[in-house]
Amino acid sequence: MDIIVLIKQVPETSNVKMDPNTGTMVRDGVESIINPLDLYAIEVGLQLKEEHGGKVTAVTMGPPSASKALKEAIAMGCDEGVLITDRKFAGSDTWSTAYILSAAIKKIGNYDIVLAGERATDGDTGQVGPNIAACLDLPLGTYISRIDKTDCDKIIVERLLEEGYEKLEMPLPALLTVVKEISFPRLPTLRGKQRAKKTELIVFSAENLELDENLTGLRGSPTRVVKIESPKVMRNGIMLSAKDEDQLEDAVNKLVEFLKTKEII
Amino acid sequence: MKYNTLNAEIIKELENILGSKNIMLDEEKIENYSHDETPKEFAHMPEVVVTPTDAKQVSEIMKLANKHLIPVTPRAAGSGLSGGAIPIYGGILLSMEKLNKVIETDYENMMIVVEPGLVTNEINRLVEDKGLFFAGYPMSLLSCCIGGNIAENAGGGKAIKYGVTGQYVMGLEVVLPTGEIVELGGKNVKDVTGYDLKSLIIGSEGTLGVVTKAIIKLSPKPKYATDLLVLFEDVNSAIKIVPIIISKGGIVPTSIEFMDKLSVHTTCDYLNEHLPYQKAGAMLLIEVDGTREDIVEADAETIGELCLENGAIEVYVADNHTTQERVWNVRRNIAEAFMVYSPEQSLEDIVVPIANIPLLMPEIEKISAKYGIKMPTYGHAGDGNLHTTLVKNPDMTMEEWFETEDKVLKELYEVVYSLGGKLSGEHGIGIKRRDYLKNHVSETELMLMKKIKRAFDPNNIMNPGKIFSL
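Those protein sequence lines, which keep their order, are chains A and B.
Going letter by letter, the first sequence gives residues 1 to 265 in our numbering.
Going letter by letter, the second sequence gives residues 1 to 470 in our numbering.
Extracted from the complex, chain A is given alone in its bound form (with noise of 0.2 angstroms):
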């Protein structure tokens, strides 16, 4: 069983200082890693292939760098890592980055199935996953929490849902994007580490894939960024006293007044 493992590089950010004027993240010194989500995709893949044989691929799409997140993916048990980067490729949105995937997807070939993660903690948006799913033209799963059982044409799995859980039995190949509940991601081990530095990756530009390049970067995404603002946050509340029972009352009548204003009951 032949696995593709879609990750991306993020920034760290459980410490991020923002810009005030221009609303965006400030970068400098600030630490790249595996989306965290991804981590799950990654052990997802490893399971299936200790369990199927076969073997799991990471891609990333990103600036030179984002190599070392494939070489994280390696360490923790995956068998290659393709690296997609190219300028032309840069400010590509949702839209424009999953068609680039499904091509080297494509290039790639032989795969049963396509996981990631549920969504990017930096962009926070969730859609490059179904999005190749759709230009790959694959069924699709997303917000798998498990995988029930799994052959060489389909594969039963459960998704979670705000109501509860929904069971689907899907053909193969299939991409799914997975959400915490479903694996604890192995840590990389110092055999995996020496693995992954001696593993040469594969580098893929747009002369090597079969792109049109007025559907990719900057000028091929039909997202615009207009502007970015961070929300404020306000504290407006009041203090009221009752420091006896007298004055009771009073205070819970200017409460419920005040939580009236607030359209809050």
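None of these hints come from the bench; they were simulated from the model.
Because the structure is a prediction, the values reported are computed rather than measured.
All the given hints hold, so there is nothing to weed out.
Below, simulated EDC-like cross-link-like pairs (lysine to aspartate or glutamate); rule was C-alpha separation at most 16 angstroms, straight line:
#1 B:K279 / B:E233
#2 A:K197 / B:E293
#3 A:K180 / A:E162
#4 A:K198 / B:E297
#5 A:K197 / B:D294
#6 A:K68 / B:E297
#7 A:K197 / B:E301
#8 B:K366 / B:E405
Starting from the structure of chain A, add chain B where the hints point.
For chain B alone, kept in the frame of chain A given last:
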């Protein structure tokens, strides 16, 4: 020692020195100053809490207290683990909370001059942009204060490479119990001008004087760090590797943290952490850091290989924020995990020469089995400092627990001393270990300590009853 209690007249005098806004008498407020991080049975209420704003006020308070024989207990964050900041004779609680300023940043000399009530991490936050840090911080740096670190000569997880607080204290301003203000040490890297009195103050647990200003040495901050989480089948193979890393590997790691089977399993269960820990009888968390990524990586690899050659089951590598948080999370949550089992605990701080840790571990197991209580052991294997924790069996009554705790501690300390160890590596003696100390220190050493105490504090008003009873 018979102390006087506070009366209206003395309180009036305190008001004259400090102004009424720096004095607290309200029982509800001063209750917060009656305990530190030791169990509540050690707590004791002060009679008054004062919050001086400069050394002059501290000096006046000390003169007043000395004249009227009122005990004075200095306190910074109150995050200590030995009861050092608890006013066991009541009296005046001298809180350094308003002495919390940075007085000078001297980047040419790579030093910072601070007041004792400053939260330790504030130093690191302030100098971070200059690529510097204060390397002698303890693990509680987000909540503790530098004054407490100096009083306890605190250490932490990185002591094997960076040492403890005292190594970074260049100079001190100290108010003596008799009220004089004295400057000790300074900004000179070398200084053998007379007795090293500054070092006597460091680690004296607030019994010799009150630190009102400290000159702290800063160091270049390492840019890269890699952590190895290493699983071993048993304690012995985990501990044996420690001296090998340094002698054979030629590398001084930033930390070597040890967790025994009980600590690992309980904490992983508590955190729902699915590392394949079931087969592990012990775990080491080893960190290397440095200014060049390739060297840090190579050092980590050398250490990892040594571990594998010496019987490690698996070596995991964490070199980014996600994985590093995950591995350290296990180490940081041990105490928390056992709180779920029983909140009654005695957190110990024993230290033995590193080569003797393998001999210590089976003895701890024996004591644990004999008294039927859990005794998870974890801590800083790199420097032999282990936080064996006595956890009350939930079936025990409190009386049974106190009785068992006392017996277990006595036996544990006997074992520790027979292996060339000591009672406390970084938490101090305070009140928690005071009555055990006298069994293990020679008469001559105790006499010297008492003479020093009397030389500084003839009336024994400065944090009395800590370390030893005079």
